[in-house]
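Chains as they are written, first to last, in this note's numbering: chain A, 1 to 334; chain B, 335 to 778.
These are calculated hints, taken from the structure and not from any lab test. Where hints are given, some of them may not hold.
When the alpha-carbon atoms are kept at most 25 angstroms apart in a straight line, the in silico PhoX-like pairs for lysine-lysine are as follows [as the list claims (entries may be wrong)]: (1) B:K399 to B:K387; (2) B:K399 to A:K145; (3) B:K600 to A:K145.
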Amino acid sequence: MTTAAAPPTRRASYAARAERRRLVTGLLFISPWIVGSLVFTLGPVLVSLYLSFCDYRVLTPPHWLGGENYRQLLADEYFWRSLGNTAFMFIELPLGIVIGIALAMLLNASVRGQPGFRTLFYLPSVVPVVASAMLWLWIFNPDPKIGLLNGLLGMLSTAMEGLDALLHGLLPVLPASLHLHLPPEIPWLVSATTAKPSIMLMDLWGVGGGMIIYLAALQGVPQHLYEAADIDGASSWQKTWHITLPSISPVIFFMVVTGMLGVFQYFTSAYIMTSGGPEHSTLFYALYLFQNAFQYFKMGYACAMAWILFLISLVLTLVVFRSSARWVYYEEER
Amino acid sequence: MLPRRPLLAALLLLALLPGCARREDPVPPGRTLITVWSGWTGHEQGYFQAAVKAYNRSQNRIFVKNMSTEMDDGKLLRALTAGVPPDLFFLWEPSYIGALAANNAIQPLDLFIRKSTLNLKDLIPGSINQGYYEGHYYAMPFLIDAYGLYWSKKAFREVGLDPERPPRTMSELEAYTKRLLSWERPGQLRRLGFEMPGLNLFMVLFGGRFYDPATKRITTTDPRNVEALAFYKRLYQIQGGAHRIDAFKQGFGEYNSANHQFFVGKVAMMISGQWWSSYCRKYRPGMDFGVAPLPYPDQYPGLLGTTYLGGNFACIPTESKHPRQAWDFLRWMQTYPAQLLFAQKMRGVPNYRPVLSDPSLTQGDRWSRAFGVVCQIANHPNARFFPALPVNLLYMNELDNAAQYGARGRKTPYQALADVEQRVQQELEKYPEYRIARRPGGKP
């Protein structure tokens with residue numbers, strides 16, 4: 001600051017005072033945020049650390065247990081199960097990114113009706129999670145007369161059988177054991193093996209939220225790079241790989257980090273659609289944490305769970321941050 | 335400062351208006367105001383409000399103000415935690431009673447009961463005892479829920495069963511279920527013979543115990559419970575298996591509507607509470623249905639008349655500012671006129687026994703007679719309930735899990751129940767009052 005570095009003349013000290021006054025004014029203006037985050041965010045966070053070492057049943061004052069909650073967690077079958085279920089959902093992260101970018105690229109191409117397509121793909125992400133969960137409960141309904149997916153699947157499966165018969169009729173050389181086959185119905189949320197993939201499918205329907213961010217990033221990619229590449233005779237694949245992706249890598253990085261934290265906090269759709277079942281297959285970490293905190297009166301235990309989750313996500317975020325030097329490119333570095 | 339933006343000021347004023355428009359009932363001078371939180375909403379809120387009004391008219395010392403919350407005890411728990419509870423509240427979920435009592439959030443009512451003229455023998459044992467925890471009464475019922483077997487006479491006729499004769503024993507239930515089951519095509523159900531209720535209900539029907547007060551231990555692996563789960567699984571199997579049934583159930587319409595599976599013929603028999611006759615009257619007045627006591631296992635004829643009771647219970651928080659006045663209202667609820675007034679509207683089963691056979695409730699049209707049948711079921715000495723324990727919510731959730739693993743054949747009935755017992759027992763022992771008790775000969 002130039003004024004502060006100036007010799008202490010009367011003018012300068014006046015300026016310094018004005019500066020201080022401005023500082024006070026500024027602080028006052030942001031004080032709601034400072035007080036809010038200290039009192040209502042940092043405070044509870046620190047208290048939760050203390051509570052994680054306590055037996056706290058909410059209705060009675062906490063009492064100190066030491067590391068007992070953490071010891072019990074390590075021996076708790078559901079803790080590991082919920083952690084595993086949550087880890088499984090990480091499959092969704094790369095899927096969402098790839099599909100999101102692919103969609104964004106397609107919608108970035110100038111075709112007729114482009115705004116319409118954009119709207120169409122973005123629309124599902126406007127639907128609140130609760131509403132889309134209710135909607136998908138119907139789509140996933142195993143009864144082919146009710147459930148959209150199984151209705152389609154039933155038709156496809158019949159068509160497939162016909163095609164199979166046709167092929168075998170036309171080409172008798174085909175071995176009898178070789179068949180085209182589609183299951184006529186999938187139990188979706190009812191079976192422990194398909195419940196998690198079903199939820200993933202539902203989430204990918206809402207990929208438009210990420211897509212719109214990629215789309216914005218794509219439009220920020222400097223055109224001159226493409227022009228230069230064209231002059232050098234680069235193929236469109238080379239352009240994608242060497243220009244587009246590196247240029248939007250900061251956005252991908254952002255989406256990876258926020259998406260990761262989102263997976264860790266996975267809760268709403270499981271709470272609404274399956275409440276952790278069937279056979280604990282959708283008992284996600286946050287759902288089990290919620291049950292302990294708000295149903296079983298085990299707030300201390302839930303706090304310990306929250307802190308373990310915090311540490312895991314901290315470590316993973318740091319890993320991603322560290323790795324980012326290798327794959328994220330910022331404009332000024334180039 | 336004068337409002338420089340008249341439009342904004344006008345909008346602000348408008349925003350304030352609804353607050354002014356809603357006037358509260360004035361508290362008559364000289365009366366103590368007590369607030370009650372209750373979960374009844376919609377027209378049921380009106381029924382409870384009518385009872386509150388009748389109480390307010392019946393005396394001139396206390397004025398009760400009812401605040402309808404919602405069918406969720408979450409807000410109440412937060413108010414209790416924050417130390418600002420109402421004077422009296424109704425729990426939507428009786429499973430909370432044990433936890434609230436064990437953590438001193440609600441007061442024992444024994445002294446009030448002893449000083450009053452209330453004779454506990456006048457109350458259905460399974461009603462007041464749902465609030466009995468570690469030697470004290472903590473909660474009072476105001477009507478209870480009781481379960482009966484409902485069947486569709488049309489479905490019975492269709493398969494050539496006597497429509498007036500419901501299954502009485504478990505083997506009959508099994509045979510009827512098989513007979514009433516019908517398929518759209520192989521693998522696709524059209525109608526369930528019997529809609530499966532919760533496992534806890536079946537455990538009660540087999541005479542199983544959830545908890546042993548003598549040893550203070552969870553007894554999920556009681557042989558009767560294992561038998562119950564084995565039979566429960568069989569009823570699933572004979573109807574196409576748990577996967578098929580769970581898939582079929584996803585196509586059921588809304589519970590509280592004319593699209594309920596029982597009304598649209600997707601279910602021939604089911605177990606439901608006394609409210610079902612009101613639902614029938616409301617949604618399918620033309621439907622020919624019957625209600626009967628629940629079936630009992632053939633090998634245990636002593637269990638004839640067994641049913642499961644639930645209900646909404648009122649508790650006085652430890653930090654209630656007017657516990658005596660709150661008790662006065664609770665006491666009033668256990669009187670003939672109060673129970674009759676509320677039961678006539680609410681169609682809950684009166685827990686005050688003399689009212690059970692009041693002709694205005696149980697006679698008249700067929701829905702009232704059906705309601706009367708359930709009232710008699712509730713009054714049977716074999717009517718049971720889930721005992722109040724501090725870990726009930728966990729226990730219930732774990733039983734649901736056991737039902738899932740057991741019915742799908744992923745665990746043997748014994749193993750499924752043993753897993754529940756181990757988990758719930760471990761949590762129970764975190765409460766000092768349960769720590770001392772050890773199974774004789776068990777490890778220290």
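Violated constraints from the hint list, given by number and in increasing order: 2
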